[in-house]
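Those sequence lines, one after another, are chains A and B.
For the first sequence, position 124 matches number 612 in the working numbering, and the numbering has no gaps at all.
For the second sequence, position 10 matches number 498 in the working numbering, and the numbering has no gaps at all.
Please note that the accuracy of each hint is not assured.
Remember, identical chains collapse to one label, so a pair may be satisfied in a single copy or spanning two.
What the hints assert, rightly or not - When the alpha-carbon atoms are kept at most 25 Å apart in a straight line, the in silico DMTMM-like pairs for lysine to aspartate or glutamate are as follows:
{"no.": "1", "residue 1": "K490", "residue 2": "D525"}
{"no.": "2", "residue 1": "K515", "residue 2": "D703"}
{"no.": "3", "residue 1": "K515", "residue 2": "E571"}
{"no.": "4", "residue 1": "K567", "residue 2": "E678"}
{"no.": "5", "residue 1": "K632", "residue 2": "D535"}
{"no.": "6", "residue 1": "K854", "residue 2": "E604"}
{"no.": "7", "residue 1": "K567", "residue 2": "E853"}
{"no.": "8", "residue 1": "K669", "residue 2": "E604"}
{"no.": "9", "residue 1": "K566", "residue 2": "D848"}
{"no.": "10", "residue 1": "K669", "residue 2": "E867"}
{"no.": "11", "residue 1": "K761", "residue 2": "E798"}
{"no.": "12", "residue 1": "K761", "residue 2": "E853"}
{"no.": "13", "residue 1": "K515", "residue 2": "D574"}
{"no.": "14", "residue 1": "K566", "residue 2": "E867"}
{"no.": "15", "residue 1": "K490", "residue 2": "E801"}
Because the hints were derived from the structure by calculation, they are not lab data.
Protein chains: 2
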Amino acid sequence: MKIRIVNIGDELLIGQVINSNAAVMSKYLLSQGFFVDRVVVTGDTGDAIRQEIASAFAQVEAVILTGGLGPTKDDITKKVICEFFDTELVLHQPTLDFVSGWLAGRGVQMSDTNREQAMVPASAVVLPNRCGTAPGLWLEKDGKVLISLPGVPYEMDELMSLEVLPRLSAFYHPGEHYLCKTVQTIGIGESTLSDLLESWETSLPAHIGLAYLPDSGIVRLRLTGSGNDLQQLEREMDAEVEKLCSLAGAYVFAKEDLPMHQIVFKLLSQQGKTMATAESCTGGYIAHLMTSIPGSSAVFKGSVVSYANEVKENVLQVSSEHLETHGAVSREVVESMASNVRQLMQTDVAIATSGIAGPDGGSPEKPVGTVWMALATPEGVRSECFHFGNAGGRMRVVYRAAVRAYNMLRQYLQNR
Amino acid sequence: MKIRIVNIGDELLIGQVINSNAAVMSKYLLSQGFFVDRVVVTGDTGDAIRQEIASAFAQVEAVILTGGLGPTKDDITKKVICEFFDTELVLHQPTLDFVSGWLAGRGVQMSDTNREQAMVPASAVVLPNRCGTAPGLWLEKDGKVLISLPGVPYEMDELMSLEVLPRLSAFYHPGEHYLCKTVQTIGIGESTLSDLLESWETSLPAHIGLAYLPDSGIVRLRLTGSGNDLQQLEREMDAEVEKLCSLAGAYVFAKEDLPMHQIVFKLLSQQGKTMATAESCTGGYIAHLMTSIPGSSAVFKGSVVSYANEVKENVLQVSSEHLETHGAVSREVVESMASNVRQLMQTDVAIATSGIAGPDGGSPEKPVGTVWMALATPEGVRSECFHFGNAGGRMRVVYRAAVRAYNMLRQYLQNR
């Protein structure tokens, strides 16, 4: 069962907005055995939208549009849908009532443009949107389905999970099942890993595929399988995962598709431990990652982002001698940062980073991309130095450093 | 001059990776007067890639592919390109030399898979990749161009700016110019703004278009114009921007397309001022935004992420009485946080946040989405409470709170 995603919006075509909707939608669809054949991003013109709807209906079983439902003038999706389905816009009273209540709750008066959002194609099933003023739409023709959703990410997200997925499953009863398994490795490059796995990879059955997904020093290995018998497929894929792990075991750190910081969050939660961070070059990013997880307040107490050396001295009590003798990017300073923030925030563990994210600030001894990191635990403090290079800009250094810092903590928590 | 972007990779289709490359590429292309007609994301199969190349060559002037050039088995782009251009893979010695040196510098031995990266279509111009092992490719046919780039974001980025843009401009000498102007508003919803601008918008000439881009409480208004005379177009669009600002002036905070934190960074730099943050619900995100800017160490001294109340007390010296009487999410606490972190880090200004990001922790008096924020300056401290609602999850609350916190600081810096 193949589905086409069409994301509508000039803002996507000129690069003002990154198309994160497609990834969210694909994940949802895959979880129910629907495979996305293509994602097409197209502009806010009638011609482009018309053409994409027609070619999707010719090539796949269903098409999901996002965008072009807002209250402003650049939104014309509904008109094109009416043409394609040979229907016309009619007032949908429940939507009008909801929009008027929704606006009233925010102290905003109903405008003509708001009223237009309650106009829907006569033959559409309306998918109520509890988070905004534009409802989703479901239309059928020749046994195929067109779904139209608002482009606002959290409105789309809620409509996908509450309305679209259950309806799609009921409509198509997919016979074939799809499964994904992910194995994550760290500390080995894509090419070397590929050589290590070559003979196993060649021996994979035709209905199981492998892909390499390198990112921020991690290589995720994704196995995708399809079949009619879900249990048998599950067993086959588990067996392949085991073979993979026996070959790449030293580098494997997870058999689930979770970011490193979420794995650390789970370990901290299970072990009832708390953490803190002291961040220089990562500038709060390590704290941000952890606090993006719902419930993280149970394990995360806080962070001192000590960007300036005087903050390292005054707030984290790093000795000025260490800063002068060894520099901020040094074993001595980063170990003090970790130990002292652990004491300051009274946590079980703490991680600290100090490095040169660039583009400036590098030297021959400490080039851009040099990052010292330390882990403080009840057993003591240990540190490590990484060289991430200068390719890819400062955010690449920050992302890689955050992954490595969380990896130090993960190793400690897993090997206790 | 229209260009098609085709991003290749199963990881994009199943939603494991967000397609950020397309936005970066579109921005680059638009800056040189090239307009992206569509972005297509397709899988790692020969058929899909073949079909996308053929339809792009039939419909537009140039196509840029990303992905499918890596060293691993799921990469087949080069083979499909050879078929389409009726050529074959040959060894490119400079690439082989570069790859072998690049690997040697990392202490990695050359493997067969690495060697394959130096194989390129015989009729291709090789675009050297200084950040990785897969070079870019440039091929011409019937006055049209196919460009193939690696999918790794920073490799693609460098190749786009150093190789692709100059070559495209030289090849096409675009006669028509494109210009974008952005005006940003805060504190007004998309619908209300649209009603306010309606008569002006209707009077816009045909070659100038308007789009509304709402995000995190900000509505960006994007004017896009095209014409043969660049100077005249510039004048026309500046005049329209002035008309727009005279209508929506009270809500306009910027006439450039920069994120709020970058506007604050520029103001701090110009005024030679330093800042610090004390963050509870935003969890380090405000610090992360500022430290993502190269050169931010000149204005940003640090942050205390006081997620736990004891960190508010012990590190930020918030009185336990205030915490008990008013709760952590209160005017009293957030004002103490801002004043005390300003003093602790000895900065000119400081911002602080304390709120309920959700999904848990809300109450009837302080529902999820309630965020207090404060600004401390030499003139004193002031605070404000926002209600961002619970739709969209905790990250939406964090993003909106960060924008509003920076907006408080922006208003202070601009009105001095």
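Next item on the list: If the cutoff is 25 Å on CA atoms, where do K761 and E798 land: within, between, both or neither? Let me know, please.
Entry: between (30 Å within a copy, 16 Å between copies)
Note to self: Reference check for the pair K854 and E604, CA-CA at most 25 Å: within, between, both, or neither?
What the structure shows: neither (60 Å within a copy, 34 Å between copies)
Next item on the list: Have a look at K669 and E867 and pick one of within, between, both or neither, based on CA distance no larger than 25 Å.
Entry: neither (36 Å within a copy, 57 Å between copies)
Notebook entry, point to check: Taking 25 Å as the upper bound on the Cα-Cα distance, should K515 and D574 be classified as within, between, both, or neither?
Noted result: Classified as neither; 32 Å inside a copy, 37 Å across copies.
Next item on the list: Classify it for me, K567 with E853: is the Cα-Cα distance of at most 25 Å met within a copy, between copies, both or neither?
Entry: This pair counts as neither: shortest intra-copy Cα distance 63 Å, inter-copy 43 Å.
Next item on the list: Tell me, please, which holds for K490 and D525 at an alpha-carbon limit of 25 Å: within, between, both or neither?
Entry: Both: 6 Å inside a chain and 24 Å across chains, each within 25 Å.
Notebook entry, point to check: At most 25 Å between C-alpha atoms: does K566 with E867 qualify within a copy, between copies, both, or neither?
Noted result: neither (63 Å within a copy, 53 Å between copies)
Notebook entry, point to check: Between copies, within a copy, both or neither: which fits K515 and E571 at Cα up to 25 Å?
Noted result: Neither: 31 Å inside a chain and 33 Å across chains, both beyond 25 Å.
Next item on the list: With 25 Å as the alpha-carbon cut-off, assign the pair K632 and D535 to within, between, both or neither.
Entry: The answer is both: 21 Å in one copy and 24 Å across copies each meet 25 Å.
Item checked: Up to 25 Å CA-CA - D703 versus K515, copy category -> both (18 Å within a copy, 23 Å between copies)
Margin query: Regarding K669 and E604, is the shortest C-alpha distance of 25 Å or less found within a copy, between copies, in both, or in neither?
Written below: neither (45 Å within a copy, 28 Å between copies)
Notebook entry, point to check: Which holds for K567 with E678 at a C-alpha limit of 25 Å: within a copy, between copies, both or neither?
Noted result: between (48 Å within a copy, 20 Å between copies)
Violated hints, in rising order: 3, 6, 7, 8, 9, 10, 12, 13, 14 and 15; the structure is consistent with all others.
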